[in-house]
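Visitor: Once you have looked at the hints, place chain F on chain L.
The residues making up each chain are set out below.
Number of protein chains: 2
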Amino acid sequence: MTVGHYNEAAALSGVLGYGEPDLPGPTHRHKEATALSRVLEPHSVAIIGASANPDKRGYQIIKALKKAGYNYPILPVNPKGGTILDLPVFSDINALPDAVDIAVIVRPAEEVPDILVQCGKKGIAGAVVLAHGFRERGDKGSAAEQRLRDALGKSGVRIIGPNTSGMLNCTVQADLIGLPELPPRGPVSVLTQSGNMILSVVEDSRSINGPGFDVIAGLGNQTDVGYGELIEELCLRESTRSIAIYNESFLDGRVFLEAAARVGQSCPIVMLRGGRSIEGRKAALSHTGSISGADDIALKVLAQMGVTLVDRSDELLPVAALLATSRLPRRETGIAVLTDGGGHATLAVDALSRSGVPLASLSEDTKVKLRHVLGDEASVENPIDVASAADAYPDVFPECIEILASDPQVGLVLINGLFGAYHIRFDASLLEAENAAAERIVALRDAKGLPLVFHSCYANRRPENHNILRNGGIQVFPSIDWAVAGSKALFDRANWLFKRGSHKETLAPEVPRVVVPIGLSAETTARGILQRLRVDTGEWSAASDAGSVESAVSNFATPCAVKLDSAVVVHKSDVGGVRLSVTREAARAAVDDIAKAMASHVPPLTTFGFIVTPMVNDGVELFVGAINDPVFGPVVLFGSGGVLVEAVKDVTFRAAPLSPLEALDMINETRVAKILDGFRNYPIVDKRSLADFISSVSVAIMRMENISELDINPIIANESGIYPVDVRLVGK
Amino acid sequence: MTVGHYNEAAALSGVLGYGEPDLPGPTHRHKEATALSRVLEPHSVAIIGASANPDKRGYQIIKALKKAGYNYPILPVNPKGGTILDLPVFSDINALPDAVDIAVIVRPAEEVPDILVQCGKKGIAGAVVLAHGFRERGDKGSAAEQRLRDALGKSGVRIIGPNTSGMLNCTVQADLIGLPELPPRGPVSVLTQSGNMILSVVEDSRSINGPGFDVIAGLGNQTDVGYGELIEELCLRESTRSIAIYNESFLDGRVFLEAAARVGQSCPIVMLRGGRSIEGRKAALSHTGSISGADDIALKVLAQMGVTLVDRSDELLPVAALLATSRLPRRETGIAVLTDGGGHATLAVDALSRSGVPLASLSEDTKVKLRHVLGDEASVENPIDVASAADAYPDVFPECIEILASDPQVGLVLINGLFGAYHIRFDASLLEAENAAAERIVALRDAKGLPLVFHSCYANRRPENHNILRNGGIQVFPSIDWAVAGSKALFDRANWLFKRGSHKETLAPEVPRVVVPIGLSAETTARGILQRLRVDTGEWSAASDAGSVESAVSNFATPCAVKLDSAVVVHKSDVGGVRLSVTREAARAAVDDIAKAMASHVPPLTTFGFIVTPMVNDGVELFVGAINDPVFGPVVLFGSGGVLVEAVKDVTFRAAPLSPLEALDMINETRVAKILDGFRNYPIVDKRSLADFISSVSVAIMRMENISELDINPIIANESGIYPVDVRLVGK
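For the protein sequence lines, the chains are L and F, in the order given.
Per this note's numbering, the very first residue in the first sequence carries number 69; after that it's consecutive.
Per this note's numbering, the very first residue in the second sequence carries number 69; after that it's consecutive.
Misleading hints may appear alongside valid ones.
[To be verified] Which chain F residues stay away from chain L? Per the calculated CB distances, all over 12 Å, these:
#	residue
1	L247
2	P248
3	V323
4	V405
5	R422
6	D495
7	A515
8	H523
9	R581
10	R600
11	G615
12	G789
13	D794
[Unchecked claim] Quick partial rundown of chain L residues pointing at chain F, CB under 7 Å, derived from the structure:
#	residue
14	E347
15	L377
16	S616
17	S619
18	R656
19	A657
20	F676
Since the hints were made in silico from the structure, they are not lab data.
Just so it is clear, CB atoms sit at the ideal spot from N, CA and C, and this is done for glycine as well.
One chain only, chain L, in its complex shape (with noise of 0.2 Å):
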């Protein structure tokens, strides 16, 4: 894992600002030909099973392909030979020019690993596998799937597929799908698990005039090439401004994890997450055969490596349109909202508010000036109500602008309302005065590099005003809701390279590994393993007889819990296994007690000991834990602890390892958060320490070989620390 590897310096310097003319353009890209850059990019196509049946795909992906007028060489191969639409067929991959860039293969999938070997003897860079029948199919394809990983084994072929539905790249007029139309080349690259995703994001763009897209790959089976390696290779690319995913499953969650971290420091990525029901998982197994991750764990670690995550269908192209052409607000600011009319402000405000985005405090200074232009009916307040001001003077909208970019509160306008419709609503002459209008912000905005997001109730009627604002790179959106989902998405974008960039690295490396044993440990087991792995799991001793309980009773000078050390028992006061407030002089009655519950538990002969731990004064209970994940590996929890925390569900979650101020923003995410400032008579308690002590389990776990689960729970925290009562470590 290599999360906390990044510049301080660079993300903390101006980069953030509007003020960097630059942003969010590429940092770290360059033009070095890789097998994979060849393939999202090619420069000669062949096609591997070309038909002259126009009802065939090897027919059609060569008029797709000139119907979109890409203009390098395509290469029919058919053993046939002859021409197809004009092109001359070769015979065979062996009489194909050397070094092609992409070869798409419209074979079944039986006949793909021979191909594939051929591509790599004839030096082909990459192919797209349209071919179903793999491991989607269950037991039936995963023999198939097996040959396919060894030919790709052999000929070094890059592969995207099988069982997609191909690729385009609008820069290069590549189109391997086969779409009606090839779409406006832009800033936005798609990748897909769902053939019919890539025809929405399409449609929705055309819906709202969006910027047009770059590259767009379905991923099918991710038998090579997968997420974490196409978003690497995207990110170098000079024409890619933002990353839109409709995503499934992942092969190796925790690759995607690190190279989402990576990636983000220069390109926003957007995420579409399917099959996070257990019925949509069933309906996504029944066409990608892949396994989704647990959805609240994949949110919350998708969100620390800076994915921007959608809910909603309808919301993957605008948030994406929005992230690929606008700056990021300074940090520290609000937005500020200017409307002509107080429902759609109102609302506006309404779904800011359940976003988490901040308004933005205007400075007298900002109010006396807006009140100068507004007159006395304007609200000069936040959210900035021109009222009929504008009606017959569309240039008060980028007089307010102006005004705002100065304010040093102020991060992001949000303009909502009717904006570009007058002439459709009041008089048509004022169809100049709009467009003029338009104009004026655009060059503002390209001035003052201040970000600005467009509602318009009018926006489906494509005014040509907002025509001018969007060839200027500001989007203009029909619903307010994808105008604040857009907005929010570039204040989350702005906090997570800021904290990205004060991230120190957790993981130090003299820290010693330790296997973890199988099953689960007895608590002096575990927390003797936390220890070593400098995680404080406070004041025990382990007891082995009544003997060595009452001495250890007596060291501890205080009242003692006593308990039962065992690898057979989970939840040892269930059993009796547990004697709180034992004192030196009931410590045998305690052991003996124990011992009797014990032996109509276990089996008989089962050996087991003790752990005497000081009474702890009363406090919050708290939950601390980690995962192995299968998707995305180390995984902490935190929550509310105690016997009701399955039935609480107070917990949250993030991928290891973490900060502190990680660990931070955790504890703040949960409902217990706020008894832990204090609450009624409970005890305030040190969030800070808490925030060090999450921190170390995630270290620690990273350490853990084997690691399957770690519970620590309940952990009593009070005004004087933090006490782990129970431990409960399992191996695998």
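Guide: Frame of chain L; chain F shown alone:
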């Protein structure tokens, strides 16, 4: 309050199933012309303040009426006389013909009261008052508002407004708002507190090629006509099949709740609320001068009365359009998703799962039939994925729908993917076949009655076959999320109608009324009042001194809680006013302890007594409360109890009174409900007894005069019963 009065038989009968052809049609509409019905559908319009100046509103309204094709008398009034737009001008109101339906008053605020009085004398039924400068201006306008109210009383004229952008009726083509063009006539009526939201819903309807509008009205200040009266009047109109509301505030929320529960029996209401956040409330205040209710309460009590709530402004119109045109699913059915692409199906199923709409379990018979139609590639589990079966043969869709219509588990079919665009995506020659498939689907829907909802990612291209569906009253949405939100609304409405139908009268008339003393009551007073109102507050004794405490404890024959009983101290345990597990022997000491603790906390000579209750075994801590909400009146609260009640925020709300069945719903909405079913070592609690208790509290508070607040917290619930531990009652 009249909830619970509805005809159970009607609601339980077939009206919920799509087998009934007349749903969601009217059940109690009539055509009696009231003043308000004449206002909403005017057959003559006077314009008071008509103008010959095209820049003036008094000219524009006349122009808009003529442009819209209004076919009834337009009667301009202006002392100057002459003609405007070829219409003769009346020199004063007195000169108008008798019994004009509506006057549009475009004169400024100060003239409006006099004009209304003149209108009344002339027998004009109602008026739209556009002027602002009333209550929404704060103190400055409230005198004007009062003069307006006086004039209303004198004149008897019903007014919409003031401070409204007007109203329109598409059925009689009366545009009193002045839209760019009159929207198409259709079944959706709209009420809004924002003029811009009128433009939004009209544009949103235009975008999705919606079913059109009946009446659209801006409520303005609601000085006369408010939401409650308007929805009842709209519900009487045959031409209104759903009511979409943008609401920022109610002047009397209770009146609306009662009206909504009545209207909801025959006409669905969809509501988007503005001013839900603190910031949004401020924004709303700045333009309408009203107060919104607390959001959490509003959402629950509105849903209780059958109002469909939407969170997003872009969902108001789509959901209202669907509710206006679709029948309802039968009881105890689920949704079948019929798709041509895995990704789209996965997203639809995820969204349905989030919404809590169940997927239908298809019968084996259905699956066999589907397999026969779809072949081996398809998935015949729900979601049904036709895979490529439809690519060249669009009739696959009506064939599958016909099969699904015969499955008793299927209550609604959501068709999702590329529907209707195969001629765009694959082959232009499919156009005819797709149109024919759409015709078949409309015919099928008419024959079978099964509700159908379509998503197509090509919907914004408006292919001909989508229009065939829409003209047949079937909605096609470009967003999966809108289709799902609409489907959920249909299921929720069906459930609400059923539950409402089985709702019993809960207000037994023989329960007495009780006046709650001002301020905090002593606990014995509070328990006494509750008992008189038939709430079982368990065993308790009042005691005035050590002797009577001692004898109370010995009467209970178990250890008791002895608590201070005082109207001065709110949190007894915080000041040492509670002694637990007190035996007869310890009773006098306990009283001494409490008395001593009191001496330092209350003013000298404050009298107080004691309350003695038998100790209760451990159990789950719950909370039942009630408040008199300033907007919605008596509201009951239920949730997790104990000291952390405010931090845990596991609470839900209902308007009182409510039936035990409604209380059970309420219980099941909370997180603590899971624990009540038995969790780890927790006792199993009888939810029905708990529901009876909540219902009894809800009835009791309806009988309390001057109640401000009631807190029963904690209530200990365990296997043997429900035990109110602390009772706090506050009068106002």
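Visitor: Determine for every hint whether it applies to the structure shown.
Guide: Against the structure, the hints come out as follows:
{"no.": "1", "hint": "L247", "verdict": "violated (8 Å)"}
{"no.": "2", "hint": "P248", "verdict": "violated (5 Å)"}
{"no.": "3", "hint": "V323", "verdict": "holds (22 Å)"}
{"no.": "4", "hint": "V405", "verdict": "violated (8 Å)"}
{"no.": "5", "hint": "R422", "verdict": "violated (7 Å)"}
{"no.": "6", "hint": "D495", "verdict": "violated (9 Å)"}
{"no.": "7", "hint": "A515", "verdict": "holds (29 Å)"}
{"no.": "8", "hint": "H523", "verdict": "violated (9 Å)"}
{"no.": "9", "hint": "R581", "verdict": "holds (36 Å)"}
{"no.": "10", "hint": "R600", "verdict": "holds (32 Å)"}
{"no.": "11", "hint": "G615", "verdict": "holds (32 Å)"}
{"no.": "12", "hint": "G789", "verdict": "holds (21 Å)"}
{"no.": "13", "hint": "D794", "verdict": "holds (14 Å)"}
{"no.": "14", "hint": "E347", "verdict": "holds (5 Å)"}
{"no.": "15", "hint": "L377", "verdict": "violated (13 Å)"}
{"no.": "16", "hint": "S616", "verdict": "violated (30 Å)"}
{"no.": "17", "hint": "S619", "verdict": "violated (32 Å)"}
{"no.": "18", "hint": "R656", "verdict": "violated (27 Å)"}
{"no.": "19", "hint": "A657", "verdict": "violated (24 Å)"}
{"no.": "20", "hint": "F676", "verdict": "violated (22 Å)"}
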